[in-house]
Amino acid sequence: MDLDTDVLIIGGGMAGLVAGIIANETGLKTVLIRKGQSATSYSSGAIDIIGYLPESSESFASPSRGLEAVMSLYPFHPYGLLGFTESKSDRNLDQAITKVKNTIDWIKKHFENTPASLVGDFSENLNPITVLGTTKPTCLIQETMCPPNLNDDDVLLFAGIRGHPDFNATTAANTFLDHQSRYGLPPNRVVSCDIDLTPFGKAYNISSIEIARHLDHAGSIEDLIVPLSDYVSRSEATAIALPPILGLRKSKTNRDLLEQAFGMSVFELLSLPPSIPGLRLQNSLEDIYKSTGGSLLVGHEAVSFSHDDMRIKSVTAKTPMREVTIKLESIVLATGKFIGGGLQSASVGLKESVFNLMTVNSIFQSAKELRPDRSTNIRALPEDGHDIFSIGLSVDPQFRPVKNDGHQFADNLFCAGSLLASYNYAAEKSGLGVALVTGLEAGKNAANAVRMVK
Amino acid sequence: MDEQESFEYAKQTLKVEKITPYSNEDFKIVQSVQKCINCGICLSHCPVVGAVGINRFSGPRSIAVELSRSPPEFWTTSDTIYLCTGCGTCREVCPQNVNVPEIVNIVRARIMDHRPDLVPKGLHVVHEVISEHKLAFEPWDDIEEKRESRDMRLEHYDLPHIEDRIVDDADVLFYPGCQAEERAQEVREAAKLILDHFNVNYTLLNEMSCCGLPSKLLGDNSSFRELGSIITEKVKKSGIKILVTTCAGCTSNLNEVSEQEEWGIPVYHLLEFLENEIGLDKFKENLKPVDKRITTKIAVHDPCHLIRHTAREIHDIMLKILAILPDVEYVPTGVTDSCCGGGGMVSYHAKDVSDAVVEENLVGINNTDAERLVAPCPLCTAQLENSLYRSGSSIEVDDLTVFIAQRLKLKR
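In the order they appear, the protein sequences are chains A and B.
Each position in the first sequence, counted from 1, maps to that position plus 626 in this note's numbering.
Residue 363 in this note's numbering sits at position 376 of the second sequence, with consecutive numbering throughout.
It is worth saying that the hints were derived from the structure and are not from the lab.
Hints should not be assumed to be uniformly reliable.
[Stated by the list, open to error] Straight-line C-alpha distance at most 25 Å; calculated DSS-like pairs for lysine-lysine:
#, chain 1, residue 1, chain 2, residue 2
1, A, K916, B, K338
2, A, K916, B, K228
3, A, K944, B, K228
4, B, K228, A, K953
5, A, K828, B, K284
6, B, K228, A, K655
7, A, K977, A, K994
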């Protein structure tokens, strides 16, 4: 079977879907192929822009401060590339910062009225609470995950569910109180409880998805309200923190019902992957992509391509039993890194999966002969991160991958997301932010490339 | 002891140790397990986990991470491994495409080899039927009764009967599959009608035998291979150029057999055949004139074996065909690709689980104003028809092949 499209996007995570949405909005026909679900879908569901400078343990107070620091120190950081204009060789930091800011406004607007609608903005980093009781700096979080401003005399209740191994309310409460009191932060009292909520009648081995699906059913939020009310009144709680289980579709309604029932703030904590909010983020992105006219081909893996001089002409994708060739005008490659399979590592060398593009490490040396084990640190969570996460593709200011001679691999191939080199999302807390911003940029550039041909 | 002797000796110990060595095909699947990064995204999508909870069915991650790791003790997984419906959702969302549905088959095959007492009774019954008749269902005792049942069905669906066509020099082999052969005979008849209508030089098998998928799913690898080689031999001898089937399971399974046995011909579902070989324009020209003012609201169901085991495009072909039919209005349900619970032989021994899985579909379908539901697979059709009926729904269910045949200008 054959298909024709203006823009082909390979990869269905944040970067690919955002690229697809912006291309749809310029009136072009897009097809997005994906072989599996993305790393976005099991993220915490929060969109980090920039949280830390690698090697520093102090978080940035705002994305704008973070961007300034990162772009000054690492000029070829993906965010830094936004400052290059085609005509001039010097960089314009303000332009890059404005682009990021506009992108944040853009995504917030698109997410209005979705189950993952977003709060937060460019002027400050939020510090939402996690299921471990810690906080992490991030720029955008889902509305249901936004903790209230707590005062000294507030009482925060961490409510867990008996038999749900993803969240231990007591540990989270202790860790959180420990942290707050050490820094003299409110509240002075934190309590915890475990309630019974058994989607299938047994109070053990309960997974987050079961609870979320259960709470999506009409009326089932009562199963949370009834057992919780006793603890709420006994503990004199003034705010309630829940693990992120309030539903895939009805999280906002459920949060509102809980707040009405108890007359206080109720919010979800950020969790480790895979998380329900991550799925909400993924589903909302897919819905927006499809509703703006994009065609989403699930279960398709790009296996080969054809090209002439400087242009990719078509990509062939395979499904379990069939092959489809997609003719295209331009292409956005957003296949991710190691989880998504965009990069493959062998005992020696790292390879880009679809086009065999040149891979480089954090200082733009070829990663073709690099031994991956030499790019890791013996410590699991070092402050400067593992260098292996900085490996990826080297691109021009239009996000077109370049070859070792410095020339573009193709005029119509653009790249976005974690496939890009020279930024360390794990250490910086910048993963979804880079995916979002570069996805939008690559999508725009790919759309422009189509218009130039037409 | 020379090398050969020690090899033979080692093989004997494998039997004692209750180990069945992996075949070359098995190895590819086992290697896909090694790519599992234990992320658990599959758990959020598995329809069985969603329907009965992780405590009852520990889910795809557990199958890839724990249940596939201890060859001699595969039998310990029997309470879980038989609850997988084989829908392939996990493989499709997995960033590494770990082949969980096939791992399930590998583990089930080993339980069958070494601890058949732990295989659910319902599966043994199917196993015996297949061994005896080479069909997944007990054939009719009385061939006259089978004919009567067929004629009643034809009358019910207002379809004419065409004699079976069995010729030596056919271009196309129509393979109805066990369900359409023995039970939903209207599907077999409808497909013949469509092929005949477009003057396709087709043939049926002189003797129908199962494609082998049920044997594979219940863990009987020797029957699976035997049934595959029976069809392979017939296909290779007949000189046909295309195999067409109306069953989703047969489509994906025969595609696999075709690849392994190097048939060198395409294996299509009838929908693909209509698009690729007949052409949808020609199809459109051959439709009965109808009163376009009276439309029926139609919801669809995508069989797992078509969309996730073969290709998602088949869903698009189905929608293209529905768009051509003038008296049809397509109603999206949001659950078209949700497993009907009828796969993986689960309904043969754990009816409560397959009923819980189909519930998702029932809620989605009943929430729309659809009047009918169509599915391009007689097995999904039966499962959904029974479940909708029991839920008190008035929505009628048709196999898509029958639905199409009813709308052709017939050469009566």
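Take the C-alpha atoms of K916 of chain A and K338 of chain B, compute the straight-line distance between them, and say whether it is at most 25 Å.
-> violated, 36 Å
Within 25 Å, alpha carbon to alpha carbon, are K977 of chain A and K994 of chain A?
-> holds, 7 Å
25 Å Cα cutoff - pair K228 of chain B, K953 of chain A = Judged against 25 Å, a Cα distance of about 28 Å means the pair is violated.
Holds or violated: K916 of chain A to K228 of chain B, with C-alpha atoms at most 25 Å apart | violated, 38 Å
Holds or violated: K944 of chain A to K228 of chain B, with C-alpha atoms at most 25 Å apart = holds, 23 Å
Would you mind confirming whether the straight-line C-alpha gap from K228 of chain B to K655 of chain A stays at or under 25 Å?
-> It is violated: about 36 Å lies between the C-alpha atoms, which goes past 25 Å.
Proposed proximity, K284 of chain B with K828 of chain A (alpha carbon, max 25 Å) = Outside the cut-off at roughly 41 Å; violated.
Checked against the numbered hints given earlier, this structure breaks hints 1, 2, 4, 5 and 6; the rest are met.
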